[in-house]
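Student: Chains as they are written, first to last, in the UniProt record's numbering: chain A, 1 to 336; chain B, 1 to 313; chain C, 1 to 289.
Treat each hint with caution, since some may be false.
[Said to hold, decoys possible] Here are some chain C residues pointing at chain B (derived, C-beta under 10 angstroms):
#: 1; residue: Gly26
#: 2; residue: Leu136
#: 3; residue: Met138
#: 4; residue: Leu142
#: 5; residue: Phe181
#: 6; residue: Ala217
#: 7; residue: Gly247
#: 8; residue: Phe248
Honestly, the hints are just simulated from the structure, not real lab data.
A quick note: this is a predicted structure, and the numbers were derived from the prediction, not measured.
Backbone N, C-alpha and C define an ideal beta-carbon position, used for all residues, glycine too.
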Amino acid sequence: MTAIPAPAATAATDGPPLIVEHLTTSIHVGSDRHDVVRDISFSIGPRETLALVGESGCGKSMTALSVMGLLPAGVASVTAGRIVVDGVDMTAAAEAKRESMRGDRIGMIFQEPMTSLNPVLPIGFQVGEALMQHHGLTRKQARARACELLERVRVPAAADRLDAYPHQFSGGMRQRVMIALALACRPRVLIADEPTTALDVTIQAQVLALLADLQEKEGLAVLLITHNLGVVASVADRVMVMYGGDVVESAPVAAFFARPTHPYSSALLAAMPRIEGEGGLQPIPGQVPTLTEMPVGCRFQSRCPLRIDRCALLPPLAAVGGDPDHRVRCWVRMDT
Amino acid sequence: MLRFVIKRLLLAIPTLWAVLTTVFVLVRVVPGDPTIIILGDQASEASRMELRQRLGLGKSILSQYFDFMGQILHGDLGRSLATNRPIVDDVLAVLPYTIELTIASLIVGTVIGIPLGVLAAERRDGPADWFARIFSLAGVSFPAFVSGILLLMVFSVQLRWFPVISSANAADPLERLRALVLPSVNLGLLMVAYVTRVTRSGMLKALGEDYVRTARSKGLPYRIVVWRHAFRNVLVPIVTVVGLYLGVLIGNAVLTEIVFNRPGIGKLIVTALNQRDYTLLQGLMVVSAFAIVVANILTDLTYGLVDPRVKTQ
Amino acid sequence: MTAAAPPAPQPRRRLSVLGKALRNVGLVLGAVIVVAMIAAALGAPWIAPYDPDAQDVLLVLGTPDSVHWFGTDAFGRDVLSRVLWGARVSLYVGFVATAAGVVIGTVIGVISGYYGGIVDRLVVAATDVLLSFPQLIMGLLLVAVLGASLTNLIIAIAVTAVPAFIRMARGSTLAMRERDFVDACRSLGFSDFRIMFVHVLPNILDELVVMASLWLASAIRTESTLAFIGLSVPPPTATWGGIVREGFDNLLDGPWLALFPSLAILAVMIGLNMIGDGLRDASDPRAPQ
Numbered sequence: 001m002t003a004i005p006a007p008a009a010t011a012a013t014d015g016p017p018l019i020v021e022h023l024t025t026s027i028h029v030g031s032d033r034h035d036v037v038r039d040i041s042f043s044i045g046p047r048e049t050l051a052l053v054g055e056s057g058c059g060k061s062m063t064a065l066s067v068m069g070l071l072p073a074g075v076a077s078v079t080a081g082r083i084v085v086d087g088v089d090m091t092a093a094a095e096a097k098r099e100s101m102r103g104d105r106i107g108m109i110f111q112e113p114m115t116s117l118n119p120v121l122p123i124g125f126q127v128g129e130a131l132m133q134h135h136g137l138t139r140k141q142a143r144a145r146a147c148e149l150l151e152r153v154r155v156p157a158a159a160d161r162l163d164a165y166p167h168q169f170s171g172g173m174r175q176r177v178m179i180a181l182a183l184a185c186r187p188r189v190l191i192a193d194e195p196t197t198a199l200d201v202t203i204q205a206q207v208l209a210l211l212a213d214l215q216e217k218e219g220l221a222v223l224l225i226t227h228n229l230g231v232v233a234s235v236a237d238r239v240m241v242m243y244g245g246d247v248v249e250s251a252p253v254a255a256f257f258a259r260p261t262h263p264y265s266s267a268l269l270a271a272m273p274r275i276e277g278e279g280g281l282q283p284i285p286g287q288v289p290t291l292t293e294m295p296v297g298c299r300f301q302s303r304c305p306l307r308i309d310r311c312a313l314l315p316p317l318a319a320v321g322g323d324p325d326h327r328v329r330c331w332v333r334m335d336t
Numbered sequence: 001m002l003r004f005v006i007k008r009l010l011l012a013i014p015t016l017w018a019v020l021t022t023v024f025v026l027v028r029v030v031p032g033d034p035t036i037i038i039l040g041d042q043a044s045e046a047s048r049m050e051l052r053q054r055l056g057l058g059k060s061i062l063s064q065y066f067d068f069m070g071q072i073l074h075g076d077l078g079r080s081l082a083t084n085r086p087i088v089d090d091v092l093a094v095l096p097y098t099i100e101l102t103i104a105s106l107i108v109g110t111v112i113g114i115p116l117g118v119l120a121a122e123r124r125d126g127p128a129d130w131f132a133r134i135f136s137l138a139g140v141s142f143p144a145f146v147s148g149i150l151l152l153m154v155f156s157v158q159l160r161w162f163p164v165i166s167s168a169n170a171a172d173p174l175e176r177l178r179a180l181v182l183p184s185v186n187l188g189l190l191m192v193a194y195v196t197r198v199t200r201s202g203m204l205k206a207l208g209e210d211y212v213r214t215a216r217s218k219g220l221p222y223r224i225v226v227w228r229h230a231f232r233n234v235l236v237p238i239v240t241v242v243g244l245y246l247g248v249l250i251g252n253a254v255l256t257e258i259v260f261n262r263p264g265i266g267k268l269i270v271t272a273l274n275q276r277d278y279t280l281l282q283g284l285m286v287v288s289a290f291a292i293v294v295a296n297i298l299t300d301l302t303y304g305l306v307d308p309r310v311k312t313q
Numbered sequence: 001m002t003a004a005a006p007p008a009p010q011p012r013r014r015l016s017v018l019g020k021a022l023r024n025v026g027l028v029l030g031a032v033i034v035v036a037m038i039a040a041a042l043g044a045p046w047i048a049p050y051d052p053d054a055q056d057v058l059l060v061l062g063t064p065d066s067v068h069w070f071g072t073d074a075f076g077r078d079v080l081s082r083v084l085w086g087a088r089v090s091l092y093v094g095f096v097a098t099a100a101g102v103v104i105g106t107v108i109g110v111i112s113g114y115y116g117g118i119v120d121r122l123v124v125a126a127t128d129v130l131l132s133f134p135q136l137i138m139g140l141l142l143v144a145v146l147g148a149s150l151t152n153l154i155i156a157i158a159v160t161a162v163p164a165f166i167r168m169a170r171g172s173t174l175a176m177r178e179r180d181f182v183d184a185c186r187s188l189g190f191s192d193f194r195i196m197f198v199h200v201l202p203n204i205l206d207e208l209v210v211m212a213s214l215w216l217a218s219a220i221r222t223e224s225t226l227a228f229i230g231l232s233v234p235p236p237t238a239t240w241g242g243i244v245r246e247g248f249d250n251l252l253d254g255p256w257l258a259l260f261p262s263l264a265i266l267a268v269m270i271g272l273n274m275i276g277d278g279l280r281d282a283s284d285p286r287a288p289q
């Protein structure tokens, strides 16, 4: 298609593009340390989509920022575990190495297309910028490539819009631009943080279809962060439910919707609007506890209808229903 | 862009009219007899009558107003009461010195103020930040004549690096430049205070914006994220402050020119005051009003350059 | 339904503002400086060691020593005494002019913003034009036209402050009008006057105080600047700017003459700016410090 070579196949690219092992991320408040992500592990293969779901404040965005290496400096940091992107251990690498990975091997799209693009730089430049940085393209080459990228994400009249500014685009078009920007260097991993939340419903479907299409063509490993279970059902291969920084349930998408097992997962599903259902919404009582009020042991216990004394100890993530791929962190629901 | 420029220039016409009218009102419609203020209350009736004649005070206020406006439209500011020379000539003779001083201090102000503000925002609460905050507090506090005198005391009287009586109109360009250093540092440092403040708070805001996170997600080096992505957005408030400061600069230039004994509009204003040169003073007010309107136009046009949202509206 | 007054929005977090203000080191330090200066000005008749206008031909341009701490000027007058007495004029002009500017500007601004209409538009246009003149140029023009005297000085400086306060009070009043409680007050039959000055005004007080403290600094600076140019109360009355001018004219023979009154002006400026910044930080939690 272009002069840009596809990423060279190395030995490392044979494994899953993204491996996260025992990741713990903490926020530092004075001398106190609060874990906002606790000991989570997963890996995502090519063309695979893993959805991280949960209410706001459950640690999903923190997980994404940890993987990108974009945690706010001095406030939060990865305190344990390993993140391996395309064979490179990001947690052990120097900042310069991580910088060269970001935008090249791993890209990210954000929730707010309205504010995530720089208002004073032309679209074409913003899309092609990473190519100048990582692949040493000249401004002219980057511009030509940006035009192709915008065509790929189906921005109409792409060539005429290279010099336009973000305020001249609609929300849906801006999110397409964001996707083009994140995929400019043909990364192997894409993190999508609530990519459709800010968009109209019809636009949502278009953007998701576009993402799925590009994922297939590029062989992307996608980490999708969302609170919208409808989106999960339509695009994800696997689901991880997070609560208070813990993974409470992990399952293939079919198994998850067939047998949601953790009480929090059941509650999330019950809170989801359905077309056929008569019963209406059942909001989850209470709120996610604040960092300083997190209960010891299972963090959902303060809102859980099934709470028992043992919940004061943190349950392990254990298989359920004899399926090693479907695991849950609950004393009551796990196989005994 | 051309349409934007033309639109902006047309908009300046009513502003200019309003500002000129204000000068007229202030000078003519004040209570009291200007001839007494000019000649003192010991003056004879005859000399006062003669002055009235020269000032055109005998006519109705409305025809005075039209005379005033008509003159200005022809680029005529009248003649000085004291010397009877055309005021326009006097102004044009010293204008280059004031413009020279203004540009030099703009350079000092932005070249120091912008990096200092960016550094302070990057290292919030660090030593650079505290220095910037204390420096800008001092800067907004100094009256221009106080800072000028202190500079003169230290660098001319004590250290003798610069002459106390400078020669801004020297033929030797090096000598002329040397005479420009202290005055422009004086005016520039005051501007540094404002520029540092607005740059710092603008950068603090910009560095927290989503588009900065996007830039970081591209793997851009920190320098590029700060200057290309965050700073470009802070240019708008910086231009605003510099534009506003151009107005303050005109006032402070008066003081700087007195302290450093430089020729310029400011010096001319003081001469007019001392000689009770009523028409010269009025002419100078018109000139400074004009300068402010021009400064505002330049500010708005710069907006068009730094913020794509302005010119593409 | 009872005729109880509808709940006006609480004057914003007044207690927490005060608490925050006290924790702000700069604010406290600024207040200490300014209060000390005011005390020195008020106490000048008692603490000034000499008559500020008494000349001593044998002690012309005397260097600072244990007898004359700040030295003596070209007429042999004690500079310390002159600086203390000068504080009275400079601070008096600053306070009175600012107070006048605040009161007049706020009243016009609140009324204009409350009623709107053609009068409001005229007020806005006039404000815009007046604000386009730099404060110093405007003050200079007014004093030059009116003649230099204490009253005219106050008038000139107050006039430069009025448009800024009109703009601020008008803007805040417009914002308040959008809120339901003004309509509620009206429906209860409260007079416009009562709504404006009993209900609207307290809510813009925070902003008013912050701006007044910064304008006070500005007014004192304008006074000293005009005095430096020679447009203040006629000599021999001491004002800070005037003493600096006398010192400046003798800069090579007695640099201390200009130095001490300059430092006095600077101290008050810094003190007032610290108060203003501190109050602004305390009343606006979002403002970056």
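Student: All the hints need checking, so say for each whether the structure fits it.
Tutor: Do the hints match the structure? See the list:
1. Look at Gly26 (chain C): its Cβ gets to within about 8 angstroms of chain B, closer than 10 angstroms, so that hint holds up.
2. Below 10 angstroms, beta-carbon pairs count as interface contacts, and Leu136 (chain C) has one with chain B at about 3 angstroms; its hint therefore holds.
3. With a cut of 10 angstroms, the hint placing Met138 (chain C) at the interface with chain B holds, because the nearest CB-to-CB distance is about 8 angstroms.
4. For Leu142 (chain C), the shortest C-beta to C-beta distance to chain B is roughly 7 angstroms, which falls under 10 angstroms, so the interface hint holds.
5. Interface hint status for Phe181 (chain C): violated, as the beta-carbon distance to the closest one in chain B is roughly 31 angstroms, over 10 angstroms.
6. Of the supplied interface hints, the one on Ala217 (chain C) holds, with its beta-carbon coming within about 7 angstroms of a beta-carbon of chain B, less than 10 angstroms.
7. Interface restraint check for Gly247 (chain C): the shortest CB-CB distance to chain B comes to about 8 angstroms, inside 10 angstroms, so the restraint holds.
8. Taken as an interface hint, Phe248 (chain C) checks out: its beta carbon lies about 6 angstroms from the nearest beta carbon of chain B, inside 10 angstroms.
The structure is inconsistent with hint 5 alone, although it conforms to all the rest.
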